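**Student:** All chains should be modelled from the sequences, with the hints used to inform the complete structure.
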Amino acid sequence: MSAFRKSNRLTGFSTGALEKGNYRKAIDWMGEHEVNTVELSALRFDELEPLIKGLDGIHIEGFESVSFHAPSRFCVEKEKRVIELLQPVYERGWNIVVHPDVIYHPDSWKHFGSQLLIENMDRRKATGRTTEELKQWFERLPEARLCLDVAHARQLDTSMRLLGSIVHTFAERIAEIHISELDAHCRHHPLSSGSVEDYHSFAQFYPENVPVIIESMLDGARSSLREEERHLAEDSVRASKMFDKAY
Amino acid sequence: MGTKEVLDPFANVHALASECGEKWPSFSKSVDKTNEVKAILATVFKGKERLLDANASLVLCGSFARNEMVPDSDCDWSLLIDGGVSTKHTDMVLGVQKAMEEGKTLGLKAPGNSGVFGNMCISHDLVHRIGGSADTNGNLTRRLLMLLESKPINLSPANRSETVWEGVVSSILQRYFEEDVHFSVKGERRVPRFLFNDLTRYWRTICVDYAAKHWDQGEAKWALRNAKLRFSRKLLYASGMAFCFACQLNPPKPVSEMPLFEISGELSTKDYVNLGKEFARTPPLEYLAAFIRAFVIDDQRRKLISSKIFGSYNEWLKILGDDASREHLTSLSHDDAREDELFDREIRVLSKEFASGLKLLFFNRDEDPTDAIVDLSIEYVGF
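Protein sequences appear in the order of chains A and B. Residue numbers 1 to 247, in this note's numbering, belong to the letters of the first sequence in order. Residue numbers 1 to 383, in this note's numbering, belong to the letters of the second sequence in order.
Simulated from the structure, these hints should not be mistaken for laboratory data. Computed from a predicted structure; not experimentally measured. Yeah, the Cβ is synthetic: ideal placement off N, Cα and C, and Gly gets one too. Check the hints yourself; a few may be wrong.
Here are some, though not all, of the chain B residues that point toward chain A, as calculated from beta-carbon distances under 10 Å [said to hold, decoys possible]: (1) H89; (2) D125; (3) H128.
Estimated spans, in silico, between C-beta atoms of each pair [as the list claims (entries may be wrong)]: (4) B:A39 - A:T131: 36 to 42 Å; (5) B:G382 - A:D46: 56 to 62 Å; (6) B:V85 - A:S223: 34 to 40 Å.
**Tutor:** Below is the structure:
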């Protein structure tokens, strides 16, 4: 039986963060724990086709929000195939999160319209990291919206000026928030009190109705840790109330 | 507390005790005390599991890492940072300082925050500043202690103390081995001279600093510092020497229960780094015991060396664990020491016994003119 508190906010997990390479198990766990939001993750190219083929078999009826994370790395020759495979996702009306560095031909992605969410990048990438770099992408794809990864922005600038700039510049475009903590090697980890405090300093500017997806690697973690992570993620983006600093 | 644990951290020491027909009970008592402090730390940090970020590691050094705690031992800690700069790191240090302060009511004895311990330690300095004028006394100390006596404390599954510590230790070792192995004949095992020289430099620095402290601070705690130099500081150098020599020595026989010395297949820097990581994870007493078990072939010689080294060290821990003796050493003046029963009759005698065991292990070839360990000592120590 779920020990999770019911949330008014759309807060959930990336399937890949909960169960690496086993989206069904992740979805089952979320179903059992009354999680209302999910991001189906096919971060590796090889995961994309099996996940697309399995879409009809996924029990998504309990979720209020479903989004889909496209592969984060593939060569230009595979771009067309990726776009084809993502078509059923688009037809379901789900948002598609994509890293800008794998958008080789922006015009080929245009038909996804506002369902295409461009994610701001971490320091490893050569584009899509800063406000200026993101502006260039939205000039090419004017209907696309933003998947705001707060951990990526914090990794690039721990003084938090970059996150503030992105939030203020693209407030109208923010359609999803990714939350976690990044280490120096760009791996996603559970939140520390410092990152919660940093993210929370912009809480009043995060749109209230957008889903928050936890990307902290919790593969194999016990339920209580996952629950705690969700509470902290919600506290990080909650604007109205003082959050509990007893974490 | 997710740090890799073994059931008996002194398994090889106890195996040698059995071989010598001894018990050496102080080692088990120290392990119990160390575990007691570990439990206090778990209590102190309960509810603070999110204090450290993904690039920080709470590392304990000193007697805690050596598994040699006695009543009144300090809990020397550093916050090791391996990542991008963040003002939040100061919050983390203050958080740890506060927790350690709170732990005083439970019997925790934390260091001050103005010295080598009780503060932040940045990985880049440890890895990139080896030698040269930028390698300060403090940096040398932090770097070598990271290899010789350090233990990361995982507060919860949410933080990564062990991983951060392992990454930094690997990078330090990589520096030492890359700059050495590059020049070695492929496939040939050899003593890492760069590391060995730095280790020797550290040992001599401790000795010189002992004199500096005596000059600066007069007789305060003089006898205790002197005794520690004779035992625990010397032990660090001896275990470091053992590791450096083990990089070259081939085990005389398969020792399946001792993976500390095993390298198989073609050699690379990675193999040496892995050996070094196992060394860094092993308490120095235990490493020295494993080294003796693996490389001192003659039974009588092994027993003699073991009884001298571990027998005397066992007695030293017994003295250190006795409140009255420790108190006495803390206040003993230089002049009084010459006639002092505890210092002159016990500690000096025991320390000479300890040193004679080490000399027998590393230098004395009277009983075996073909001793490979002694060959390496002659080759690498001194000239």
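**Student:** Using the Cβ atoms, figure out if G382 of chain B sits within 56 to 62 Å of D46 of chain A.
**Tutor:** holds, 59 Å
**Student:** In this structure, is the beta-carbon distance linking V85 of chain B and S223 of chain A contained in 34 to 40 Å?
**Tutor:** With Cβ atoms ~35 Å apart, the hint holds.
**Student:** Evaluate the given range 36 to 42 Å for the C-beta pair formed by A39 of chain B and T131 of chain A.
**Tutor:** violated, 49 Å
**Student:** Against chain A, is D125 of chain B within 10 Å by beta-carbon distance?
**Tutor:** violated, 15 Å
**Student:** Taking the closest Cβ pair, is H89 of chain B under 10 Å from chain A?
**Tutor:** Holds - the Cβ of H89 of chain B comes within 10 Å of chain A, reaching about 8 Å at its closest.
**Student:** For the hint on H128 of chain B, just tell me whether its beta-carbon gets within less than 10 Å of chain A.
**Tutor:** With a closest approach of 15 Å, the H128 of chain B hint is violated.
This entry does not satisfy hints 2, 3 and 4, going by the numbered hints stated previously.
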